[in-house]
Amino acid sequence: EAQVTQNPRYLITVTGKKLTVTCSQNMNHEYMSWYRQDPGLGLRQIYYSMNVEVTDKGDVPEGYKVSRKEKRNFPLILESPSPNQTSLYFCASSLSGGAGEAFFGQGTRLTVV
Amino acid sequence: GQQLNQSPQSMFIQEGEDVSMNCTSSSIFNTWLWYKQDPGEGPVLLIALYKAGELTSNGRLTAQFGITRKDSFLNISASIPSDVGIYFCAGREGGGSNYKLTFGKGTLLTVNP
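Line by line, the protein sequences give chains A and B.
For the first sequence, my numbering assigns the number 211 to the initial residue and increments by one for each residue that follows.
For the second sequence, my numbering assigns the number 4 to the initial residue and increments by one for each residue that follows.
Here chain A stands alone, though its shape is the one from the complex (with noise of 0.2 angstroms):
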């Protein structure tokens, strides 16, 4: 089954504990990115990849990284995270970018305290 899956679904975590949320797509697609939504501010765009080792920052990428070492895993990386990064997660992928966000994963709730 084509799918993208994020782990963990729900994290609960303390100011400063670096931590990872992990994103995988059996698809064989090139792009993919992340994204948190908030409450009336919809969807926003954090990082996204081309390709392997092609990244670049959406509209919030303050407080987060990512990495693309392999084609099918874009992990998003909270080095200290903050309580303003409590939000829902979600990873998306696609054949490419100009085909659209053909994919999203489950999403994870990311609270910090």
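Please keep in mind that the hints were generated in silico from the structure rather than gathered at the bench.
There may be inaccurate statements among the hints.
Coverage of chain B stretches by chain A, computed from C-beta distances (three or more under 8 angstroms per stretch; other residues unrestricted) [claimed, not checked]:
# : region
1 : 68-76
2 : 104-114
Calculated cross-link-like contacts (lysine-lysine; reagent style DSS-like; alpha-carbon spacing at most 30 angstroms) [as the list claims (entries may be wrong)]:
#  : chain 1 : residue 1 : chain 2 : residue 2
3  : B       : Lys103    : A       : Lys275
4  : A       : Lys267    : B       : Lys103
5  : A       : Lys281    : B       : Lys103
6  : A       : Lys228    : B       : Lys103
7  : A       : Lys281    : A       : Lys227
8  : A       : Lys279    : B       : Lys103
9  : A       : Lys267    : B       : Lys73
10 : A       : Lys267    : B       : Lys54
Not close to chain B: a few residues of chain A, all C-beta gaps over 10 angstroms, as computed [stated by the list, open to error]:
#  : residue
11 : Thr225
12 : Thr230
13 : Asn236
14 : Asn238
15 : Arg254
16 : Tyr274
17 : Asn294
18 : Ser297
For every residue, glycine included, the Cβ atom is placed at its ideal position computed from N, Cα and C.
Let chain A serve as the given structure and place chain B on it in line with the hints.
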């Protein structure tokens, strides 16, 4: 980053009614996308539009890419209870290597049986 104005914010309709929602932007977009998000799930792509003036249907859904390239609308005909959810528009500026996607804040649709 860019902002998309999506309206209405919410709609309460009776089963069988038609629905219309739209998005406008101050910038020109080369791609318009429409997504639906069910509670606890990631957004699912409904329709993708790539040319100004393009009108595309997907079952009871019809979407159009505005001639000015600054707007798009989504119509749902003969609504049913499973149409309930949040509908998002998204736009992509430019071509080439610019793959940043901007989302509207969503339209919450409630369908009364």
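*Return the numbers of the hints above that this structure violates; sort them in rising order.*
Hints 1 and 15 not satisfied by this model.
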